[in-house]
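Those protein sequences? They're chains A and B, same order as listed. Mapping the first sequence onto numbering that gives the first Met the number 0, position 309 (from 1) lands on 308, and the numbers just tick up by one. Mapping the second sequence onto numbering that gives the first Met the number 0, position 382 (from 1) lands on 381, and the numbers just tick up by one.
It is worth saying that the hints were derived from the structure and are not from the lab. Note that beta-carbon positions come from the ideal geometry of N, C-alpha and C, so glycine has one too. Errors might be hidden in some of the hints.
Between beta-carbon pairs, the in silico distance windows are [unchecked claim]:
(1) A19/A to C156/B: 50 to 60 angstroms
(2) R327/B to K867/A: 54 to 64 angstroms
(3) R13/A to G24/B: 52 to 62 angstroms
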Amino acid sequence: MSHEQRSPRSLSRRSFFAQAGLLGATGALAACSQRVPRFIVPYLVPADDVVPGVPVGYRSICRGCPASCGLTAQVMNGRAIKLEGNPEHPASAGALCLVGQAAIEELYAPERLTGPLAPPAGGAPHAVPIDWTEANRRFADGLRQAIDHGREVVVLTRPESGALRELMGQWLTALGQPAGNVVVFDPAEPIWLREAARFTFGIDAQPLWILEAARTVLSIGADLVEDYGSPVEYGRALAAIRANRQRRFVYAGSRLSLTAASATGRIAIQPGHEMGFVLALLGAVLTHTGSSGMLPAGARTRLIQLLQEEPHATAAQNCGVPSSRVRDLARALTDAGPGLVVGPGRVAAGEDATALAQAVAVLNLAIGAMGRTVQFAEPAAPALSAADLVQHADAGRVGALVIHHADPVGLGPVYDALGHALAKIPFVAAIGCRLDETARRAHLVLADHHPLESWGDATVQTGVHGFQQPVMTPLHNTRAAADVLIDAAGQLGRTGGLPSGTFAELMQDRLDRNRLAHGGEFAEATPPAASPDIADGALDQLAAWRPPVGTGQVPILLATPSLRHPGGIRSASPLVQEVPDALTSVAWSGWAELHPNLARARSLETGDEIELVTAAGRTRLPVFVTPGIHETAVAVPLPDATALLGPAGSLRGRVGPVTFRATGRRLTLPQIGHSLDQQGRHLAHEVPDDAELPARAAPKPTGRRRWAIAVDLDRCDGCGACVAACYVENNCAVVGPEEIARGRDMAWIRIQRFYTGSPDEPRVVFLPVMCQQCTDAPCEPVCPAYATYHTDEGLNAQIYNRCIGTRFCSNNCAYSARRFNWFDWPRPTPANLGLNPAVTVRSRGVMEKCTFCVQRIRRAEERAKLEKRQVREGEVVPACAQTCAAQALIFGDLDDPRSRISELARSGRAYRLLEELNTEPGVVYLARHEERV
Amino acid sequence: MNATQQADAAAHVEQDTLATLQTPGSRYWLLLLGMVALTAAGGWAWALLLRRGLGVTDMNTPVMWGSLITSFVFFIGISHSGTLVSAILYFTRSPLRPAIGRSAEAMTVIAILTAGLYPLMHLGRAWFFFWLLPYPNQRGLWPNFHSPLVWDIFAVCCYVTISALFLYMGMLPDLSLLSRRVRRWRRVLYKVLSLGFAGTDSEWGLLEKAYPIFAGVAIPLAVSVHSVVSWDFAMTIIPGWHSTIFAPYFVAGAIFSGLAMAIVLLALLRRAYRLDRYIRADHFDVMAKLLLAMSLVMSFVYVTEFTSAMLRGSPAERAVFVWRATGRYALIYWLVILCNCLIPLFAFRRRVRRSLPWMAAISAAVLVGMWFERFMFVVTSLAHHYDPFAWGVYVPSLAEVVLCLAGFGWFGMLFLLFVKIFPCLSVAETLQGVTAESPAMPPLTEPEAAHA
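For reference, chain A alone in the conformation it holds in the complex (with noise of 0.2 angstroms):
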């Protein structure tokens, strides 16, 4: 090596600079990134309790809708990872709903705001990121605008019940405004109802259906399961239902709902003659029950007598139900013990909804269900109403608006008055997690806590408390809605009457400390209240009755309740809208329901695009042809109706008539299910009601032990949640509506709907699939590199770093229980951050399917092992049957004869799916019972 050359080491002074600009440069540009967590466990040093890896459980409750069932929320590693119901909650009782278990997602969601925004300044199209000191200034100085104007301060909310509703009314007063200016958003709540009971009873509350306590429910298209707010509880007391042999539930409506479905009995109505019926069983009831009942004798004879007046007679009689049928069913109402008539639900509320509510409110009467099986909700407190706001708004009176999680323009066409009357705000502030549409039309974007990182609690019902607490620490640079608004009260010098302090100690004062570990306070249920007078007059409303204008026509527009989509809101959840609607099996996108005798009058099959017209719009949908509707009807989800509903204020479901036109577009739907029927397959089993099955003998014990799940078909009502528990527990991917269509959800566990019974009378069963963990397992022997195998357990257990992707597995799958990734599915940050970390995450060209959750076998094991002794029964709970509200799902180990899974193994309602395959499944599922009327 000659001298003159320079030792590798030395620098020279270009490259020093070249070297030190490219530092610089990346230093900056690091600098630059968004401020989103970029640890992968949150803290260095954890709390004392934490253990890496254990999940600990914290009792809060869910806000994913109003019922605000309690919940546990499991953290691993100082972030929640997944939400399960709350055992002692009384509402809950330990599952969650669909919407709850996805509920998680949003904490996690990219689109959430991550601080607060001020409105595109200079011509910029997006909202620009500030920081709090300005926020909380220019909220200050809207708020001073307003009153130094001696104009009004406005909340509106979405449904609050506990301690920030309080506060809204105090900071309201504090701020020289009325305790009432505060507007309950809730478009979905069926006024009808109340309003009927105003005029019946006199009490402006809406009713309490206590359906544990009736022996014969009658659901007058009441979507119960759907439509009130709590799947979770509603799930359950159906399946109750179904259960006890001694007891019915009767759907009368025009619609084969999920509630429907669940009904032990059904009758079909044509849209509009719900009144002509509930005035047929009136009389009915009348003739049978004489001189009993509550009805006060006035008030019976002058019922009698409007029922042989015009039109309730013609209407009665031209109801279309059978009268040995109405018969039959006033019987059951009124001698088998307490009955009840739920409703009218959503798609029987057209424009006579009060009317109609007021006949089955005096039919309730009629069978002494009055204070036994319905009870009233307490009075809301003093609140304006959203025409209240636009007329205010209108007249220039609404200085200042503070919109807390609510969206009325989202809604489109129904709250467009609500929507214009925003521009006519001098100063409105959204406090909410996302952009959303009424959020971009403010002036300042207050970014929220997600729910499971703030304080809170809820009253639901009477004696149902609900502690909710922060699980985690914040993962964005969000401040609760009540500091916000305290601290806005701060620098106005308004603090009078507000509590000193932040809205977190506020609440751990409030909270008792040793009911916090249970999740709030709970009540025994109240005795049943006596049964309410009737007001005077009460029977006007009913007697001015007349038959709605253009139930003549057809055919009539219903616009469906979803349990997906909460309050009729679209659900912003991917999650949710990835989870298929169990009916038609169709995930994310909208459709139109309609019969097929009227789809091929029109020459429409399922996936044809038709322009549906009302009075109000028009919108574009895929057809989606179930014999499921009745042949007048045409049924749209309420997210995709809104376009077809006028400006009611109130989202009513039988719209009235409607046109539609074929654009002679196809579409391929986003669905799962491709067939309608079994086809002749055995695959859903139905045994007669009364039936008496012999028990199946019972397996011989091998000494080894075989994880089984029960699936209750009598059960199951097809709710989702436990896809949804699967989707989080197990980080399935989201694939989106394009690779649904192709064919390519991720999903471990599917609901298959089959329609049974004849063309006429259709019945719904609904199967949930998982893969059926085979003993002599088809997809074993024919991997080449034995990514899939048999462990001693029972269960067929997949090793994805072994898997190569042949997929001849799936193939040989007869139960179609395997998913292959067929990308690397993306999950922007932070949603990786959700990710439940005993789970691998799969890499595209590996399959993947359902283990059984083997994370919860093997931590219930390794418990088990440290604490010397055996998993009990019970121990392990998989993700989806641990959300079960109506416990369709049982989980155990077959080869112990005294586990309950075996138990149910040898009923006589038990069998496997394609028995005759000899694939010995480890899923037992039981026969569903036939209708029962």
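Starting from the structure of chain A, add chain B where the hints point.
Showing chain B alone in chain A's frame:
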């Protein structure tokens, strides 16, 4: 025939064979360019698959196998008639063999090389393909010998080895013979490849001993390889796949399609190189008869398969067969019946059998029919599985169509290169024929030449 005539004939054969090796014309180059372009397009599509994932195809749940597996089975089938027919002809000392043996054997090897690509493309993680092979590794894991896919790998590997050796051994004397008549790189190549074969009596004796062994092994192997490929399907529980008829059915189908491909290639060779004297109307006549016979066998299989499905108890199986004929893929089903069962019936006429265009057209139809037949049974059975709720449909995506066409491009490219680099007629055997029979060479002017 006197010695001069024999020498003349021998010179002719050598000349004609050498003529096929001459610098190609523009049409050859154009054809080769087309094939290379198709192959390149396939390379692009494969790169896409590797880069983005198998989602680039349109496969889905439940149709997890589609056009790629179809092409695999099809090309394995194409490979069939080569070695098998050549070996049979060898044992029967048929005068056909010198004419068609070499190209048929080459076709076999090239077809397997094509077929073998498809399972690789088709893997979810193609970069771990070697996990399918039994090799000592630190994981201490063997492949799963229960899996028909593993049997498949053994069968195909054996078959390609034997076929290649069979082709090569048969070519040894020719390489040695021709190495004296060619120049430059070809001379070096032939010299090296001829392994010093000088045509001595002892060498011929050894060759004569070894050759029948390969031929003898090749025949059962040819039957077994497609039987094993059929077990990829028959060993499953899938309605429409799970059937004992599959092994003979696949072998018959393979011979059928292989024969069709051989006829197409020979027709092209004869046309391109004016080998009318070697590949004669008689040869086409015989091959056409075999094609016709295989077509009848296929028709028989279709009827058997259908009726046994109908008579068997499984509703799923009945449904699949009815659906094939009436459902979403009915057009393909009837296309298959038309191409595989009806069009070959024209070969009952002698004039058709002896006509080059007719036979080429019929064979092309059979190739189309056989590809779609493979497609039909792969896809329809999966799409119409046990669970009606989980049924599906499958239409190949653009990338898959490109990959399927690229298979033909790759096949054509290799075959075009083969006929230019190696003698596609067996000089030695033709000469043997010349010396053994008399008169070996028919006059150049034959009535059927008019058809050509």
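Status of each hint after checking the structure:
no., hint, verdict
1, A19/A to C156/B: 50 to 60 angstroms, "holds, 58 angstroms"
2, R327/B to K867/A: 54 to 64 angstroms, "holds, 60 angstroms"
3, R13/A to G24/B: 52 to 62 angstroms, "holds, 59 angstroms"
The earlier numbered hints are all upheld by this structure, with none contradicted.
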